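Position chain B against the provided structure of chain A, taking the given hints into account.
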Amino acid sequence: MSEIAIESTTAARVHPARRRRRGLSRETKLGWATVLGFVLLWKLVHTIGVFPPWAFPSPEQVVMAFVKTLRNGELLKNTWASVGRQLVGVALAALVGIPLGITLGSSRTARAALLPLCRLMYPIPGIAWIPLAILWFGIGFKSTVFVIFFSGIWPILFNTMTGVATLDGQYTDVARVYLAPRLFYVRRILIPGSLPYIITGIRLTYGVGWRVIVGAEMISSITGLGFMIDDARWQLRPDIMVAGMITIALIGWVMENWAFDWLERVTLERWGMKSAA
Amino acid sequence: MLEVRALSKRYAVDDGEIVALAEIDAAVAEGEFVCLLGPSGCGKSTLLKIVAGLIPASDGTIRIGGRDVTGPGPDRAVVFQDYALFPWMTVTDNVEFGLSARGVPPERRHPVSAELLRAVGLAEFAQKYPHHLSGGMKQRVSIARALAVDPVLLLMDEPFGALDAQTRFVMQRELLRVWRAYRKTVLFVTHSIEEALYLGDRVLVMTARPGRIKANIVVAHERPRDMASVELTRLRTRTLELLSDEIAKSMAQEEATAELTS
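Sequence lines, in order, name chains A and B.
Note that the first sequence ends on residue 277 in this note's numbering; no numbers are left out.
Note that the second sequence ends on residue 262 in this note's numbering; no numbers are left out.
Bound-form chain A, shown alone (with noise of 0.2 Å):
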């Protein structure tokens, strides 16, 4: 399944750590470097104007509009209204979809059981419930919620279950030896054991979560990124959808580079379970 990339996710960046020992590499300032040309060829596009000016801001006026949401307080207001969605959403699915996957990975029964559901259902995007959501639960938080939630549950589900029936025979064989009870097994074996998968899930249904709720908002919401970049559109601002689009792609970054990273170290780098990176 193309949700299980361990490796793709983690092998293309920077190691942070060293990253952050040395000081700016020049692997880093050559990205840097790259971004900032990107930012020099908007400006060329704007300046010779390929696209009409009320449809495509400079990037000095999409800084304005950052300064002005920031002072009149709607990009705080919006972008907070986002995150709890997606930390409640993205909390939902792996209080789901771990326990889930635990079960699918070490009973056969279950695997054959539910497999096909999950199957079936995991190919439908998660935008494609927004109707329904709204159906039953109205615009807002809980209809976004549940969008983010059905999106993102099958990276963790499916991750879960690959680590928890690929974990390494020998440590179930001394939990037997030394007579270990079931949910003992579960909690001191098993998890751990599939960490690595796991973190990768989360890391992948946080993406993926991120990527739906502003689909989500634009349709189900009166607040939050996704409506201010629609809403922005009603306004003719151009100037604020691109400065909500670059606030999604900071938070994004940061969660990535940052919390992801935070918690790999304090867990896989610690014990050595991961690959050389």
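There could be a bad hint or two in this list.
[Claimed, not checked] Sample of chain A residues with no beta-carbon within 12 Å of chain B, all distances over it, derived:
(1) Asn72
(2) Phe137
(3) Leu236
[What the hints assert, rightly or not] Pairwise CB distance ranges, derived in the manner of DEER restraints:
(4) B/Arg108 with A/Gly138: 52 to 60 Å
(5) B/Gly121 with A/Thr34: 48 to 56 Å
(6) A/Leu120 with B/Gly66: 50 to 58 Å
(7) A/Val45 with B/His131: 48 to 56 Å
(8) A/Leu132 with B/Ala114: 55 to 63 Å
(9) B/Glu255 with A/Asn257: 51 to 59 Å
(10) A/Gly169 with B/Gly135: 16 to 24 Å
(11) B/Ser192 with A/Trp262: 41 to 49 Å
It should be emphasised that the hints constitute simulated quantities derived from the structure, not laboratory data.
Quantities reported herein were computed from a predicted structural model and do not represent experimental measurements.
Think of the CB as a built atom: it goes at the ideal place given N, C-alpha and C, for glycine as much as any other residue.
Just chain B now, with coordinates in the frame of chain A:
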């Protein structure tokens, strides 16, 4: 203490079945150190796992202290070749694993793990994680984990097979020291003649598959043994003669399997 009677193990394969162990009879007395020596693929590790209760026998019985073995039990502990330590637990937590699994509270576990870690010379590594330790140190932790549950029978599955020659020799001496201190009955699987003759009170030589007990060699020499002595050299030659036919057979079997699967 340990009695194995008419034990067989058969595996079903696509076109019939493989007999891994055939009609094994063996006994180990209390406090005895017995080595199971055989060519690779002879089923010696399978026999150990059956005694551990990890896999069922097809036929025959195993009795420990007069009681039938039907699964793992508190009277046995296993030391695995690949250490099988949990990387997410500290050395202390690994040693205490069997005790925590049995619900022994921390204040009663800690003295046990502290004493055992002193005994295997790892007291100062108590709070480290296994990936900080060398192979030899990991295996000491694994031995301490096994001793922590105070088993009657210690089962060791090629525990030093992954170690380099020098570490291996040090570990063999260490094991004898610990064995004398804790007075356990040991069943020790190895494919090394040297190791078997250096460690065991007796050496059970196994045949190639289907595994049977081919010979029972009593090694009565005082420990520590001088492997270069005349008697032990003679014993080694005799054991090698016993084993070389079996090694040849085992290799032929492996080649046949390789041809079938290639």
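The hints, checked one at a time:
| no. | hint | in the structure |
| --- | --- | --- |
| 1 | Asn72 | holds, 48 Å |
| 2 | Phe137 | holds, 39 Å |
| 3 | Leu236 | holds, 55 Å |
| 4 | B/Arg108 with A/Gly138: 52 to 60 Å | holds, 56 Å |
| 5 | B/Gly121 with A/Thr34: 48 to 56 Å | holds, 54 Å |
| 6 | A/Leu120 with B/Gly66: 50 to 58 Å | holds, 56 Å |
| 7 | A/Val45 with B/His131: 48 to 56 Å | holds, 51 Å |
| 8 | A/Leu132 with B/Ala114: 55 to 63 Å | holds, 60 Å |
| 9 | B/Glu255 with A/Asn257: 51 to 59 Å | holds, 53 Å |
| 10 | A/Gly169 with B/Gly135: 16 to 24 Å | holds, 20 Å |
| 11 | B/Ser192 with A/Trp262: 41 to 49 Å | holds, 46 Å |
Hint compliance for this structure: no hint is broken.
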